[in-house]
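S.K.: Letter by letter, the chains look like this.
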Amino acid sequence: MYPVSSQKRSWTFANEGQLMEFRVEQNSKYIELHEEEAQGRDLNEHFLTSAEERLLLKQYEIYLFDFCRRFEPPMPKCVVGTAFHYFKRFYLNNSPMDYHPKEILATCVFVACKVEEFNVSINQFVNNIKGDRNKATDIVLSNELLLIGQLNYYLTIHNPFRPIEGFLIDIKTRSNMQNPDRLRPHIDSFIDSTYYSDACLLHTPSQIALAAVLHAASREQENLDSYVTDLLFVSAREKLPGLIDAVRKIRIMVKQYQQPDREKVKAIEKKLDKCRNQANNPDSELYKERLRRLYTDEDDMPAEDASFHIADVSSDTSAMNISQ
Amino acid sequence: MILAAKRRQVNRRHDGRPGVPAVQDHQIPESIAQADGHVCGHTLCESCVDLLFLKGSGACPECMVPLRRNNFRVQLFEDPMVEKEVDIRRRILRDYNKREEDFASLAEYNDYLEEIEDIVYNLCNNIEIIETNKRIEAYKRDNREVIQRNKTRVGRDEYALEEMLELEKVQEEARRKELEELENEHKKKKARDKQALIEELMYSGKDAAQIVTEFAEKAEKQREEEKQLPPPKPANEFSTGIKFGQTADPSLLPVPKSEEGPLFVYEPLVPFSEGPTMPPTSEIVSRGYIAHIRAETPQENAGGFTSALACERALQEALQGLYYTATTGVVSAT
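Here the protein sequences line up with chains A and B, keeping their order.
The opening position of the first sequence corresponds to residue 1 in full-length UniProt numbering, with each subsequent residue numbered one higher.
The opening position of the second sequence corresponds to residue 1 in full-length UniProt numbering, with each subsequent residue numbered one higher.
Bear in mind the hints are in silico, worked out from the structure with no lab data behind them.
Worth double-checking, as some hints may not be accurate.
As the list claims (entries may be wrong) - What follows is a list of derived Cβ distance ranges for each label pair:
1. B/E260 with A/N119: 29 to 39 angstroms
2. A/N176 with B/S286: 11 to 21 angstroms
3. A/L286 with B/T297: 52 to 62 angstroms
4. A/N119 with B/L106: 39 to 49 angstroms
5. A/N119 with B/Q299: 38 to 48 angstroms
6. A/K264 with B/Q299: 51 to 61 angstroms
Yeah, the Cβ is synthetic: ideal placement off N, Cα and C, and Gly gets one too.
Based on the provided sequences and hints, a complete structural model is requested.
M.R.: This is the structure:
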């Protein structure tokens with residue numbers, strides 16, 4: 001039940017300003033911590049600004065959707081929705097400079113597959129990733145616990161798909177609309193585009209679902225306003241303005257979405273390579289050193305014998321090449 | 001002294017000084033020393049006891065514990081340690097007489113049994129004697145009532161045994177009486193037969209020899225009949241005396257004691273929807289909602305899922321949260 005869920009309690013926010021605050025805060029926190037790495041240069045030159053981070057993440061949301069769309073075997077819609085939730089939630093509490101979005105992206109999808117009971121093995125999973133698969137396996141598996149921890153172990157996601165079914169059943173039963181099933185393609189495309197917005201962090205799944213249904217109806221030159229006012233909200237007219245407001249906001253959010261500029265993103269990625277947290281970069285010496293120490297601590301074996309994939313494939317930087 | 005001197009040859013450890021224990025003497029009954037509340041467990045032969053405790057009391061020659069002559073007992077077990085332990089155990093169990101039904105759970109009863117073993121072990125091996133005695137005193141004080149009650153109450157097992165013995169006695173009595181009656185009847189009959197034979201011989205004009213053989217034959221026949229006589233009693237019990245056709249004696253089955261814990265209180269689930277009210281479950285079918293959802297497969301139905309359930313859930317999720325307005329939101333994103 002959504003009204004008593006952790007999603008409502010901890011992950012549904014008041015407005016976009018609040019989300020922005022979190023993101024700016026994460027950005028400045030990271031810069032503060034790594035200030036000396038700039039070596040006297042302008043901080044804005046060396047580190048990503050909050051706006052640049054947003055742009056980068058927007059680009060990676062596109063990658064995330066493409067990755068899910070091309071996934072073999074084809075994955076159910078709810079896995080995609082859940083993966084997007086995880087991705088957005090993760091970067092509310094972390095800066096993309098700290099954890100590279102391409103790594104978190106794959107981990108989000110992997111965890112979403114598990115949570116939504118879409119059963120794929122790690123081998124099947126990394127077959128969808130171009131580049132070094134051993135390395136990808138290591139990255140996904142080593143980030144899995146980090147991700148779950150950052151989500152505060154709230155893994156249940158309420159997606160708008162079941163509410164959509166509910167509305168369609170209700171419309172078929174109570175309104176006299178002809179063949180409501182023709183709304184489906186429009187509903188699906190609307191839901192796909194909500195993934196790129198922050199709608200799921202601001203509104204309830206049923207509101208998003210209703211917005212999708214209403215949007216689809218207007219595309220089909222149908223009017224469901226009377227269904228909403230006379231049937232759904234007949235007993236609570238005073239609540240209607242709140243819903244209208246929510247639906248309007250969701251539709252505006254979707255409408256206002258702009259694809260990030262490719263060139264800009266490329267520049268940002270270059271910048272990111274320099275300013276990202278090297279301790280979390282699987283290609284960096286720092287990361288290898290840290291991992292080596294971790295392994296030797298755990299297994300109590302000499303550092304020379306520590307053999308693991310990441311050290312072996314250090315020359316290959318094209319791993320996790322999801323974007324191409 | 002003479003006896004002791006004699007024994008010197010028999011037992012290597014008896015070195016002539018009276019009072020030094022002769023452990024392996026089987027001919028003369030040995031006694032075990034016992035002081036009030038404390039048994040030192042050293043053995044003495046009876047003649048040594050006579051010698052050393054002439055005055056009625058004295059110190060144990062081995063460990064100098066003051067002893068009374070009255071407290072010497074004949075040793076039953078060869079090993080004095082066993083003797084001592086049996087004695088201590090008997091004394092301890094006089095007070096530690098709780099039974100399983102006095103405890104709420106088996107675990108508590110087991111703890112209690114363990115405590116007894118601890119005490120017995122401590123007393124036998126002279127470990128923390130004073131503390132252990134204090135513990136016993138404390139236990140006696142705390143449980144005076146229970147101890148008293150259990151002392152007066154005959155154990156349930158003993159009670160059952162007594163009942164069985166009583167029953168056996170009654171049965172034996174009945175059997176004895178029956179036999180007696182049978183024998184009396186037999187005797188009377190014999191006398192009657194004899195009388196009849198004499199009368200026959202006296203008054204009938206038949207040949208005496210013929211009458212005698214006739215009667216002998218008759219008696220023979222009767223005896224045979226009697227042999228078949230005792231009718232088999234209807235079997236209503238096993239050879240062990242346990243009745244069958246009767247449900248198990250309820251006293252033999254201890255009532256299981258449940259662990260005391262807070263009782264489960266059912267609180268009905270109050271659906272909190274934050275949206276328009278759901279159509280009631282009964283109307284899902286009657287108002288035609290169900291027509292717009294895929295019917296369940298037999299496999300799904302076997303798992304307990306019906307299309308009405310799925311329909312209800314979809315509607316519920318559609319209506320939940322529709323009234324939500326972002327007034328406060330979440331304070332922190334953790």
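S.K.: Work down the list of hints and note, for each, if the structure agrees.
M.R.: Structure-based check of all given hints:
Taking 29 to 39 angstroms as the suggested C-beta distance range, the pair B/E260 and A/N119 does not conform, at roughly 45 angstroms. The supplied range of 11 to 21 angstroms is met by A/N176 and B/S286, whose beta-carbon atoms lie about 19 angstroms from each other. Between A/L286 and B/T297 the CB atoms are about 55 angstroms apart, so this pair conforms to the stated range of 52 to 62 angstroms. In this structure the hint that A/N119 and B/L106 lie 39 to 49 angstroms apart at CB holds, the actual value being about 45 angstroms.
A hinted range of 38 to 48 angstroms for the beta carbons of A/N119 and B/Q299 is inconsistent with their spacing of about 18 angstroms. Checked against the given bound of 51 to 61 angstroms, the beta carbons of A/K264 and B/Q299, roughly 53 angstroms apart, stay inside it.
Of the numbered hints stated above, those contradicted by the structure are hints 1 and 5, listed in ascending order.
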